[in-house]
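Engineer: Chain by chain, the residues:
2 protein chains.
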Amino acid sequence: MISLTPELDKQSGIPLYQQLFAYLKGQIELGMLRENDRLPSIRQLSVYLSVSKNTVETAYQQLLAEGYIQSRLRSGLYVMPLDQLEGVKKSKPARPEVKSGAVRLPPNAINFEYGDVELEHFPVRLWKKCLVDALEECTTEVYGYGDRQGHKGLRSEIARYLYQSRGVVCASDQIFLSAGTQTMVSLLAQLLPLPEAIAMEEPGYNGVRTVLMNMGRRIIPMPLEHDGISVEHLRESAASMVYVTPSHQFPLGMIMPVHNRIKLLQWAYERDGYIIEDDFDSELRYQGQPIPALKALDTGDKVIYLGTFSKSFLPGIRLSYMVMPERAAQEFRSKLQAYSQSVSPLIQAAMYRFMKEGYFESHIRKMKKLYQTRHRMLLRTIQEQLGSHVGIIGERSGMHLLLDVYGRSGDELVEKALEYGVITYTPRKHWLHPEACPPSYIMLGFGGLNEQKIREGIIGLRKAWFP
Amino acid sequence: MISLTPELDKQSGIPLYQQLFAYLKGQIELGMLRENDRLPSIRQLSVYLSVSKNTVETAYQQLLAEGYIQSRLRSGLYVMPLDQLEGVKKSKPARPEVKSGAVRLPPNAINFEYGDVELEHFPVRLWKKCLVDALEECTTEVYGYGDRQGHKGLRSEIARYLYQSRGVVCASDQIFLSAGTQTMVSLLAQLLPLPEAIAMEEPGYNGVRTVLMNMGRRIIPMPLEHDGISVEHLRESAASMVYVTPSHQFPLGMIMPVHNRIKLLQWAYERDGYIIEDDFDSELRYQGQPIPALKALDTGDKVIYLGTFSKSFLPGIRLSYMVMPERAAQEFRSKLQAYSQSVSPLIQAAMYRFMKEGYFESHIRKMKKLYQTRHRMLLRTIQEQLGSHVGIIGERSGMHLLLDVYGRSGDELVEKALEYGVITYTPRKHWLHPEACPPSYIMLGFGGLNEQKIREGIIGLRKAWFP
Ligand SMILES: Cc1ncc(COP(=O)(O)O)c(C=O)c1O
Ligand SMILES: Cc1ncc(COP(=O)(O)O)c(C=O)c1O
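Residue numbers (the numbering used here), protein chains in the order written: chain A, 1 to 467; chain B, 468 to 934.
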């Protein structure tokens, strides 16, 4: 075994896996670790360095994702051949495909990362047309700071879309745009008198939780029932604000039925509180009747509605939106006077055209079908390959699901899968207390994988987990 | 005089000018105020409604900027002809040009708004090429969330640019990208343990001050000397962090000499504090030798450097950057793991190409000359037209300057100018205590006006202010 002597400093505040990753990357770049050197197994290295297996695993995962190492079937992880490494260092892509230089390998790593979306069928030509048209307008509106609330025409299109697809009735004046959901939540916390403590589903979306906590708010974790947040527990808490994902609980995937939505709204009216509804991927439903958004049922004007184009269109436009309650919109707008808009007006103007021309609607229709087919393939292959070894959680909508690999540990599963060139994740970070995440859970995002890759990936998991 | 009966509610928390603006806009849209109706003068309406002249003026300014009313020379403000109003209501541009329908008028309002940039000479073709090339790459890197720290190639280009133009030596790993300076400052406040109180130049940039205050920080205002922030006062304060604009004080325009920069750095080293250096428009210097950025002189790794493409390129790409001190970069990066990038990867990839191809450098060179010519025209016309009536403040760099219109009041000046179709601003909001802003100050941004407009605008001001 090659000698590795990283100095890991537990006091430094820098996560150990980051330190280990940086060390290993450095060793590879310096040539101390050479082409085709085999890395120690996760277990070996974790024992040797007295760090958790999770630390080693995460560092390895990052090396793999950045193309410094590759996995060889049933054999382990190896430093990439130098010529391919040079490519990595020169172009340094965020997430290059791991090319195999050796025999008996899956040709590419299959990455079940949540957040990736379908690109093979993306309407590049139409989107380009909209971008170029917006660009050629060459006005202050498109080239300057733009409307601080967001492109007026785009806000009108979003209002129309929300009415048609989600039953949400609102004026374009109530809509605010921002560069992603986190930027929006940070703006909310800056401009509204958010309470000191905010209730959230447990588990719940880590992206929003982190922002709220970093803005000095305390999170009150709310247990989930089989059909969503426990309104009873919410009642018993002192919270006057709650963040929820009723149409597709993130990450567990349940869909809140109408009667519970009404109970939740009732809570807000009685408490004189507010509900932040994150309707991030409501477009993608595979079973059952569509249920109107909380916001559509909200007769008391107590729901702050969040939406995003990251799932229905592209994460890469970094464009999300909020519908403010009518009574709060004007004040929010006037507080916004000191802020500039965070989304490029060019992107906004292009998206405006894309929606106005009807391209967005037909894109959504197409994507829905496409993801549904993939989703079916995923479920079928899981049943066929993993069968009674696993339970499936949250399979009714969205672009991910969870596996419960009975009796196994996530860290071991992720590591084994890695050795077969399949990248999987544990959903641990979405628990306020990550220890509470059942260790047997694995999260599979399938948005960026076509049917063949999905099939290959699941077959890889079967080989890795149940040899 | 037409009858106006707005119900203005001083308790509502909504600024009165907003309420008044909304009322007047509604009256026009409903047809209660008709084409060619003359609005009461600012003084008349402020007496009639018992509100400040400032309130009425701001509401009128907004109506003018949105194209609901127009100014007629020496005569007052009138509701726009209906056909033109329809255009406004249909297309609803953020800041339409006010077309005149009547005689003896300046053909367009001339807007001295700070923040507008030159578009006539913008290299649309090259920028389009870069955008389309990036788009056609069609990779996860460009269409997905992208590197959370920012496009790696673009960060390298920025590092190179900062070295060449500002003497700043840094690795691309120390650079972080975000959708505008405010988004960056909000991120800083979320991820760094910023002190509870932060020192700032008084007056200073309102955009950053507002974010810091909304993030719960207290501002310690620092007086300015003729050449920048008073380091003596900083020493006497308890502050351990200061936000400064040394290369072009905003809004007063002084440039901090090297010996004071060194004193300021010394303060940071002794105090073990941090300096946030906002180098927002250092490209545009019209007099004197370039002075290296604080960051370039910072041997103690205590400067957090902020830059933006909003002045040197386009506000509409919403792209700004930060250079983290070496010792803090890794920790910042690891805390960023829970965040996604706020700038569209498409925009980043396009900007990467634009810089790599050398287009950015030649663009800057061209713009520098162009703004210099405009700046000269502005100074010459001010001297010629306003002569000894005014003092000029901050004329050595940038895209704005201040006028001190001796013995006059800004509100009156803004109002008078409006009647001549010239939109000017008071810089009041950049004072922590706006009352402390000398009432005779007027802020003129000239970035978006060509030489002819600048000349017309200043001639308009002479007619308005010194008839
Ligand atoms: C619950 C939830 N909300 C929102 C988002 C989307 O965030 P953004 O708009 O920043 O892409 C996601 C994406 O992962 C999510 O899971
Ligand atoms: C002092 C200062 N910093 C930064 C900016 C630019 O901010 P942004 O990057 O959001 O365009 C400005 C623009 O007005 C400014 O005056």
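Worth flagging that the hints you see were computed from the coordinates, not collected in a lab.
Check each hint, because a few of them may be wrong.
[Claimed, not checked] 20 Å max Cα-Cα, derived SDA-like pairs, lysine to any residue:
no., chain 1, residue 1, chain 2, residue 2
1, A, Lys368, A, Arg396
2, A, Lys335, B, Ser479
3, A, Lys25, B, Pro590
4, A, Lys335, B, Glu496
5, A, Lys335, B, Lys802
6, A, Lys152, B, Lys802
7, A, Lys128, B, Glu798
8, A, Lys263, A, Tyr286
9, B, Lys802, A, Val169
[As the list claims (entries may be wrong)] Far from chain B, by Cβ distances over 10 Å, these chain A residues were calculated:
no., residue
10, Leu4
11, Ser41
12, Glu270
13, Ile291
14, Glu395
Glycine residues also receive a C-beta, built at the ideal position from the N, C-alpha and C atoms.
Engineer: For every hint, state whether the structure bears it out.
Structural biologist: Outcome of the hint check:
1. Pair hint A:Lys368 plus A:Arg396 holds up; C-alpha atoms about 13 Å apart against a cutoff of 20 Å.
2. At most 20 Å may separate the alpha-carbon atoms for a hinted pair to count; A:Lys335 and B:Ser479 meet this at roughly 13 Å.
3. For the proposed pair A:Lys25 and B:Pro590, the alpha carbon gap of about 40 Å is over 20 Å, so the pair is violated.
4. Taking the CA atoms of A:Lys335 and B:Glu496, the gap is about 25 Å. The hint is violated against a cut of 20 Å.
5. For the suggested pair A:Lys335 and B:Lys802, the alpha carbons sit about 29 Å apart, so the restraint of at most 20 Å is broken.
6. A threshold of 20 Å between alpha carbons decides the hint, and for A:Lys152 with B:Lys802 the separation of about 35 Å lies outside it, so the pair is violated.
7. Distance restraint check for A:Lys128 and B:Glu798: the Cα-Cα separation of roughly 38 Å exceeds the 20 Å cut-off, and the hinted pair is therefore not satisfied.
8. For a cut-off of 20 Å, the pair hint linking A:Lys263 to A:Tyr286 is broken: about 25 Å separates their Cα positions.
9. Between the alpha carbons of B:Lys802 and A:Val169 the distance comes to roughly 38 Å, so the proposed pair goes past 20 Å and is violated.
10. Consistency note on A:Leu4: stated as away from chain B, and its beta-carbon is indeed over 10 Å from all of that chain's, at 20 Å minimum.
11. A cut-off of 10 Å between C-beta atoms confirms that A:Ser41 is not in contact with chain B; the least separation is 25 Å.
12. Against chain B, the non-interface label of A:Glu270 holds: every CB pair exceeds 10 Å, the least being about 24 Å.
13. Distance check on A:Ile291: its Cβ is at least 28 Å (rounded) from any Cβ of chain B, clearing the 10 Å threshold; non-interface status holds.
14. The Cβ of A:Glu395 lies farther than 10 Å from every Cβ of chain B, with a closest approach of about 24 Å, so its non-interface assignment holds.
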